[in-house]
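A.B. asks: For reference, the chains in residue letters:
Protein chains: 2
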Amino acid sequence: MSKPGTLYGVGVGPGDPDLLTLKAVKVIAQAPVIAYPAAAGTDSLARAIAAPHIPAGKTEIAIVTPMVPGRFPANDVYDDYARDIAGHLAAGRDVAILCEGDPFLYGSFMYLFLRLAEDYPTRVVPGVSSLAACAAVAGAPLVSRNQVLTVIPGPLDEADLEARLGNSEAAAIMKVGRHLPKIRAVIEKLGRLDRAQYVERATMADQKVMPLVDAPDTAPYFSMILVRSPEDVETTEPQT
Amino acid sequence: MSKPGTLYGVGVGPGDPDLLTLKAVKVIAQAPVIAYPAAAGTDSLARAIAAPHIPAGKTEIAIVTPMVPGRFPANDVYDDYARDIAGHLAAGRDVAILCEGDPFLYGSFMYLFLRLAEDYPTRVVPGVSSLAACAAVAGAPLVSRNQVLTVIPGPLDEADLEARLGNSEAAAIMKVGRHLPKIRAVIEKLGRLDRAQYVERATMADQKVMPLVDAPDTAPYFSMILVRSPEDVETTEPQT
Numbered sequence: 001m002s003k004p005g006t007l008y009g010v011g012v013g014p015g016d017p018d019l020l021t022l023k024a025v026k027v028i029a030q031a032p033v034i035a036y037p038a039a040a041g042t043d044s045l046a047r048a049i050a051a052p053h054i055p056a057g058k059t060e061i062a063i064v065t066p067m068v069p070g071r072f073p074a075n076d077v078y079d080d081y082a083r084d085i086a087g088h089l090a091a092g093r094d095v096a097i098l099c100e101g102d103p104f105l106y107g108s109f110m111y112l113f114l115r116l117a118e119d120y121p122t123r124v125v126p127g128v129s130s131l132a133a134c135a136a137v138a139g140a141p142l143v144s145r146n147q148v149l150t151v152i153p154g155p156l157d158e159a160d161l162e163a164r165l166g167n168s169e170a171a172a173i174m175k176v177g178r179h180l181p182k183i184r185a186v187i188e189k190l191g192r193l194d195r196a197q198y199v200e201r202a203t204m205a206d207q208k209v210m211p212l213v214d215a216p217d218t219a220p221y222f223s224m225i226l227v228r229s230p231e232d233v234e235t236t237e238p239q240t
Numbered sequence: 001m002s003k004p005g006t007l008y009g010v011g012v013g014p015g016d017p018d019l020l021t022l023k024a025v026k027v028i029a030q031a032p033v034i035a036y037p038a039a040a041g042t043d044s045l046a047r048a049i050a051a052p053h054i055p056a057g058k059t060e061i062a063i064v065t066p067m068v069p070g071r072f073p074a075n076d077v078y079d080d081y082a083r084d085i086a087g088h089l090a091a092g093r094d095v096a097i098l099c100e101g102d103p104f105l106y107g108s109f110m111y112l113f114l115r116l117a118e119d120y121p122t123r124v125v126p127g128v129s130s131l132a133a134c135a136a137v138a139g140a141p142l143v144s145r146n147q148v149l150t151v152i153p154g155p156l157d158e159a160d161l162e163a164r165l166g167n168s169e170a171a172a173i174m175k176v177g178r179h180l181p182k183i184r185a186v187i188e189k190l191g192r193l194d195r196a197q198y199v200e201r202a203t204m205a206d207q208k209v210m211p212l213v214d215a216p217d218t219a220p221y222f223s224m225i226l227v228r229s230p231e232d233v234e235t236t237e238p239q240t
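Protein sequence lines, in the order shown, are assigned to chains U and Y.
Quick note: the first sequence, position 67, residue 67 per the working numbering, numbers continuous.
Quick note: the second sequence, position 145, residue 145 per the working numbering, numbers continuous.
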């Protein structure tokens, strides 16, 4: 039996193709098989981000998953793709799975990782997360010194969201999408609306950054709300 | 008066020089002035990470700050460096400030940003955070689906640490250093020691990854503890 190929989870960053790492570009260049998630009926965002760095002649696998709000793709869909990818790995071919942002911070890469990493050599190439990208384009430090940062998924229910946010200094709320009105109501209730920013498609050509109070009621899935600490850290004076 | 230069905060990633982004490499290549933090008496880690990508002939500014455990560098140190950097910007020269990991997630870049961004064009190039790097080398997804992730600085006192961790699903504890025994005691008290990993110098040649229970009592500043959610997310079945 030949030496198996390596499974790579490759973070391609938040959107700007220049925010791929040198390592991501190298792995994509050498792997004969490239796979990427593509919600049913849409183009793959991960592939679009990496497109300038994908040489011609690759075997490509679009991992097409049904997008049902509030639900996750069924296990059997991933079982099928894992079997397909395992075929390439067993035949000695490296497979690079492109992941928006970073593979292990909320990435769908985990579904294939959990099915394949025990049987094949696996490497994760970390990427620039949407969190770092949103902080960068929002124009102010998100978190500093000894502040606690809480990363909260927007689909949480209102009570849970309120408990988590109420207990946070700085917070980033991900996967905003259709949950925007609920999230905004909670932030307003907590009196933190003046410290909240809305960021959509950070680092892409059509990015939007605005105070949360001005954000539209319907946001795309790839949007984020940043809530700064109630107090700015303006100096370097020691804190206890 | 000539057009002012641009101030760039450039994330150089966690340690592997291949984890710079293409954009970081481009900005470093074109900026005539490169600045980087260097704790007094030590080499600059940020410069060491970016070294293969720094062309000869740059004006370099080492931002030397006193390292006093539990304290932050004094304001007047940053005032002086900001004045020096402002001189270059006013003369039309771009200045790239190299930042370990990402500039706006716990970076010392904020001290210069707060002093200069109002007066000069400023751009932040996000980088691969130490959080993403530690998750990548730890060999399992850190956080997924609708889990909350809490990022906690290790210097917090024991009671605060316990309150924050007790309230977390997945957590990452940064700036571990000399606080390791205190942090480990809290994690043990909370019964989460079997879900905790220690990561030191992630993605560097001498990186270390081990169960927290096996970690040494004295850790370097650039180390992190990852605490996974009490329950694995093994399937894609919908959750409420």
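Just so you know, the hints here were simulated from the structure itself, not pulled from any lab data.
Remember, predicted model here, so these are calculated numbers, not experimental data.
Among the hints, erroneous ones may be present.
Any copy, or any two copies together, can satisfy a pair, since identical chains are not distinguished.
[Stated by the list, open to error] The calculated SDA-like cross-link candidates involving lysine to any residue, where the alpha carbons are at most 20 Å apart (straight line), are: (1) K208 to E231; (2) K26 to E158; (3) K175 to E188; (4) K58 to R93; (5) K175 to R145.
A.B. asks: Using 20 Å as the alpha carbon limit, work out where K208 and E231 are close: within a copy, between copies, both or neither.
C.D. replies: neither (25 Å within a copy, 36 Å between copies)
A.B. asks: At 20 Å max between alpha carbons, let me know whether K175 reaches E188 within a copy, between copies, both or neither.
C.D. replies: within (19 Å within a copy, 32 Å between copies)
A.B. asks: Please sort K26 with E158 into within, between, both or neither, judging by C-alpha distance up to 20 Å.
C.D. replies: neither (43 Å within a copy, 44 Å between copies)
A.B. asks: Which holds for K175 with R145 at a C-alpha limit of 20 Å: within a copy, between copies, both or neither?
C.D. replies: between (26 Å within a copy, 10 Å between copies)
A.B. asks: As a check of your reading, is K58 near R93 (CA-CA no more than 20 Å) within one copy, between copies, both or neither?
C.D. replies: Close inside one copy (11 Å), not across copies (43 Å); limit 20 Å.
In summary, the structure is inconsistent with hints 1, 2 from the numbered list given earlier, while agreeing with the others.
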